[in-house]
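Peer 1: Heads up: the sequence shown begins at 1 in full-length UniProt numbering, then just goes up one per residue.
Please keep in mind that the hints were generated in silico from the structure rather than gathered at the bench.
Bear in mind the structure is a predicted one, so any value in this text is a computation, not a measurement.
Hints should not be assumed to be uniformly reliable.
Within a straight-line C-alpha distance of at most 25 Å, the following computed DMTMM-like cross-link-like pairs (lysine to aspartate or glutamate) qualify [to be verified]:
#  : residue 1 : residue 2
1  : LYS147    : ASP136
2  : LYS111    : ASP57
3  : LYS111    : ASP132
4  : LYS56     : GLU192
5  : LYS147    : ASP203
6  : LYS67     : ASP136
7  : LYS67     : ASP97
8  : LYS115    : GLU171
9  : LYS67     : ASP132
10 : LYS56     : ASP123
11 : LYS111    : ASP97
12 : LYS115    : GLU192
13 : LYS115    : GLU163
14 : LYS147    : ASP178
Quick list of the computed label-pair ranges, beta carbon to beta carbon [said to hold, decoys possible]:
#  : residue 1 : residue 2 : range
15 : ARG166    : ARG43     : 13 to 23 Å
16 : GLU31     : LYS129    : 52 to 62 Å
17 : GLU163    : GLU192    : 16 to 26 Å
18 : LYS67     : GLY164    : 26 to 36 Å
19 : GLU70     : THR159    : 34 to 44 Å
20 : LYS67     : THR161    : 51 to 61 Å
21 : GLN198    : MET77     : 51 to 61 Å
The C-beta atom is built at its ideal place from N, Cα and C for all residues, glycine as well.
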Amino acid sequence: MNTNNLINKAILCSLAMAGAALLPSCVSPKEVLYIQDVSGNSRETIKANYQTTIQKDDQLYIAVSSKQPELTAPFAMSEIGSASGTSSNKPKGYLVDAQGCIVLPVIGKMKAAGKTCSQLASDIAATLKSNDYIRDASVNVQIMNFKFSVLGEVNAPGTYTIEGQRVTILEAISRAGDLNIDGNRDVTLIRETNGTRQIASIDLRSKDLFTSPYYYIQQNDIIYVTPSDRKVNTRSDAAQWYGWGLSGLGVTLAVIALCL
1 MNTNNLINKA ILCSLAMAGA ALLPSCVSPK EVLYIQDVSG NSRETIKANY
51 QTTIQKDDQL YIAVSSKQPE LTAPFAMSEI GSASGTSSNK PKGYLVDAQG
101 CIVLPVIGKM KAAGKTCSQL ASDIAATLKS NDYIRDASVN VQIMNFKFSV
151 LGEVNAPGTY TIEGQRVTIL EAISRAGDLN IDGNRDVTLI RETNGTRQIA
201 SIDLRSKDLF TSPYYYIQQN DIIYVTPSDR KVNTRSDAAQ WYGWGLSGLG
251 VTLAVIALCL
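With the sequences and hints as input, model every part of the structure.
Peer 2: Here it is, written out as structure tokens:
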């Protein structure tokens with residue numbers, strides 16, 4: 001047999017062995033489908049209207065309105081200037097300091113951390129009314145820098161800043177482009193509140209996630225999606241088959257060289 005033919009066949013066989021390891025493995029629907037234990041006609045009562053709580057380093061938008069607009073002028077927030085000196089049309093907001101407080105015109109320092117936006121709005125309005133400063137005060141409070149991060153086996157990992165504070169873990173994952181086929185459906189959520197770090201596992205395949213205390217995302221939450229065991233094993237098998245292919249090629253070429 002022609003020596004060149006032997007070498008070509010050896011190379012093709014080795015490449016075939018390495019290529020076989022790269023073929024995708026079959027994926028069971030039970031591994032990837034969300035919320036598998038509900039029927040199409042399932043109906044459950046939502047137990048609570050969730051609201052996130054304000055934390056240290058939050059930037060708050062606070063708007064005070066009244067039938068006497070001149071009384072609300074001290075609360076009008078200035079806008080952030082851009083590098084060119086022009087306005088970016090984005091209000092600065094009130095920063096929640098390390099003690100969990102904000103400093104407001106007329107009122108002074110007020111506790112904010114640990115309260116919901118509606119609770120803080122009620123407290124501000126009540127204080128203004130009790131001091132006879134704005135008797136018809138109406139207050140709106142929003143978190144301006146509400147953000148969360150999604151890492152790992154998703155299509156668009158990153159940190160996301162959004163308007164509003166009622167975001168579910170499914171919506172957060174959706175913003176990150178959804179889990180890819182190799183993402184583990186048991187995701188890890190990391191949450192830090194009041195100096196305590198919580199690490200929780202949430203199974204996206206179970207309807208129990210709807211009653212989980214981690215169903216709604218809080219400020220600065222981190223969602224980490226680990227690779228599935230299938231992906232890890234596939235990579236390990238690929239490396240092993242690739243090594244065998246190269247070893248086989250080396251042995252074959254050595255034998256051919258000795259026979260020449």
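Peer 1: Now tell me, hint by hint, if it's right for this structure.
Peer 2: A quick look at each hint next to the structure:
1. At most 25 Å may separate the alpha-carbon atoms for a hinted pair to count; LYS147 and ASP136 exceed this at roughly 33 Å.
2. Between LYS111 and ASP57 the CA atoms are separated by roughly 13 Å; this keeps the pair inside 25 Å, and the hint holds.
3. About 21 Å separates the Cα atoms of LYS111 and ASP132, which keeps this hinted pair within 25 Å; it holds.
4. For the given pair, LYS56 sits about 11 Å from GLU192 by alpha-carbon distance, which is consistent with the 25 Å threshold.
5. Distance restraint check for LYS147 and ASP203: the Cα-Cα separation of roughly 22 Å lies within the 25 Å cut-off, and the hinted pair is therefore satisfied.
6. With a CA separation close to 7 Å, the supplied pair LYS67 and ASP136 stays within the 25 Å bound.
7. Note on LYS67 and ASP97: the hinted pairing is violated, with a Cα-Cα distance of about 31 Å set against a maximum of 25 Å.
8. Taken as a hint, the LYS115 and GLU171 pair is honoured in the structure, with Cα atoms around 24 Å apart against an allowance of 25 Å.
9. Proximity of LYS67 to ASP132 is assessed by CA-CA distance (about 14 Å); at most 25 Å being required, the pair is judged to hold.
10. For a cut-off of 25 Å, the pair hint linking LYS56 to ASP123 stands: about 18 Å separates their Cα positions.
11. Restraint check: the Cα-Cα separation between LYS111 and ASP97 comes to about 10 Å, which is no more than 25 Å; the hinted pair holds.
12. Restraint check: the Cα-Cα separation between LYS115 and GLU192 comes to about 16 Å, which is no more than 25 Å; the hinted pair holds.
13. About 18 Å separates the Cα atoms of LYS115 and GLU163, which keeps this hinted pair within 25 Å; it holds.
14. Of the supplied pair hints, the one linking LYS147 and ASP178 holds, its CA atoms being roughly 17 Å apart against a limit of 25 Å.
15. ARG166 and ARG43 have their C-beta atoms about 21 Å apart, which keeps the hinted 13 to 23 Å range intact.
16. Roughly 57 Å separates the CB atoms of GLU31 and LYS129, a value that falls within the hinted 52 to 62 Å.
17. Distance hint for GLU163 and GLU192: a CB-CB separation of about 22 Å, consistent with the stated range 16 to 26 Å.
18. Checked against the given bound of 26 to 36 Å, the beta carbons of LYS67 and GLY164, roughly 28 Å apart, stay inside it.
19. Remark: the range hint 34 to 44 Å for GLU70 to THR159 is upheld by a beta-carbon distance near 41 Å.
20. Checking the proposed 51 to 61 Å range against LYS67 and THR161 shows it is violated: the Cβ atoms sit about 34 Å from each other.
21. Between GLN198 and MET77 the Cβ separation comes to about 33 Å, which falls outside the hinted range of 51 to 61 Å.
Going down the numbered hints, you'll see the structure goes against 1, 7, 20 and 21, while the others check out.
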